[in-house]
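Peer 1: Sequence:
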Amino acid sequence: MIQQVLNSHAKINIGLRILGKREDGFHELETIFYPIKLRDIITISIEKSNADTNSVVLKSNKSYVPLTRENLCYIALEKFFKSFSIKECFNFEIDIEKNIPVSGGLGGGSSNAATVMKFLVRELNIDVSSNKQKLIDLAKEIGSDVPFFLLMKPCYAVGRGEKMKALPNFVVDYDILIVNPRARVSTRWAFEKMELEGKPMKNRALDTIQYFNLEESGNLINDFEPIVFDKIPELKKIKDRLLESGAVYASLSGSGATIYGLYNKFEQNKSRKAMHEFASQGYYTFLSRSN
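Every number in this note's numbering is 837 more than the matching position in the sequence shown, counting from 1.
Please note that a few of the clues may not be correct.
With a straight-line cut-off of 30 Å between C-alpha atoms, the simulated BS3-like cross-links for lysine-lysine are [as the list claims (entries may be wrong)]: (1) 955 - 977; (2) 955 - 874; (3) 858 - 899; (4) 916 - 858; (5) 899 - 977; (6) 896 - 971; (7) 916 - 1002; (8) 935 - 1030; (9) 990 - 896; (10) 1073 - 1107; (11) 955 - 1000; (12) 955 - 916.
Restraint ranges, calculated between C-beta atoms of paired labels, are given here [unchecked claim]: (13) 919 - 1106: 49 to 59 Å; (14) 1005 - 882: 30 to 40 Å; (15) 1113 - 934: 21 to 31 Å.
Derived from the structure by calculation, the hints contain no laboratory data.
Beta carbons: idealized from backbone N, C-alpha and C, even for Gly.
Work out the full structure, taking the sequences as your base and the hints as a guide.
Peer 2: Below is the structure:
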């Protein structure tokens, strides 16, 4: 038996514009995906089996995590074997230590799926160089954010979020405070409610922004904020309080329900104080320090 303990990191969206609805029913968007230190821990065990099918056992430290075929880890594994026509069968145990808020706009489920995919690539000796596009296409089938989590680098994304351009020089040199009032927002609901008046970032496109700075932050709007704040007014209060407490920028991530604030890394007392304030109110908080 082989067992590996893997990090499954979250992301934030820095700017998110909804540009319209496509013919296939999906929405055209524009965003910057940025990986953060917040992570789930996934422990995967694998051993060969003489059975005719794979055996998959899912476990989690959180009762709300589905341990059935609807879990994206299970879907990723099933689609991977089918896509690469793998005939060997295995017994899998996937234990998900969940730290990333569910339905929080941080991509936790997609990250978990990508982590399973990367594990399978290594353990089943899949040649990445000759199968790069196949892996990306497979990731897109699983979820719009999954291709990003295969890359796990800052990137500019358009389409459903699957068309990406790496931004190697894009650095958010700030401490990032994550706040979630233990609320959830359905991505499907958010897109259905969206009034399609989105326009590309004013003045200059997101992919030309190579380093986060205050001069550009006025362009970095999340189009989901009005409808999500209307549904959960508490989120608007959190954003305002982050700014009042010293954050230089604050925004909804994805379609919510997580708000993040960026703080000057040389003023850690402000981010720590804000984190303790929100935590004392029962909110989920996580402080990701700048490197």
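Peer 1: Take the hints in turn and mark each one as holding or not.
Peer 2: Verification of the supplied hints:
no. : hint                   : verdict
1   : 955 - 977              : 14 Å, holds
2   : 955 - 874              : 18 Å, holds
3   : 858 - 899              : 35 Å, violated
4   : 916 - 858              : 27 Å, holds
5   : 899 - 977              : 27 Å, holds
6   : 896 - 971              : 29 Å, holds
7   : 916 - 1002             : 25 Å, holds
8   : 935 - 1030             : 29 Å, holds
9   : 990 - 896              : 28 Å, holds
10  : 1073 - 1107            : 20 Å, holds
11  : 955 - 1000             : 19 Å, holds
12  : 955 - 916              : 13 Å, holds
13  : 919 - 1106: 49 to 59 Å : 52 Å, holds
14  : 1005 - 882: 30 to 40 Å : 35 Å, holds
15  : 1113 - 934: 21 to 31 Å : 24 Å, holds
Hint compliance for this structure: hint 3 alone is broken.
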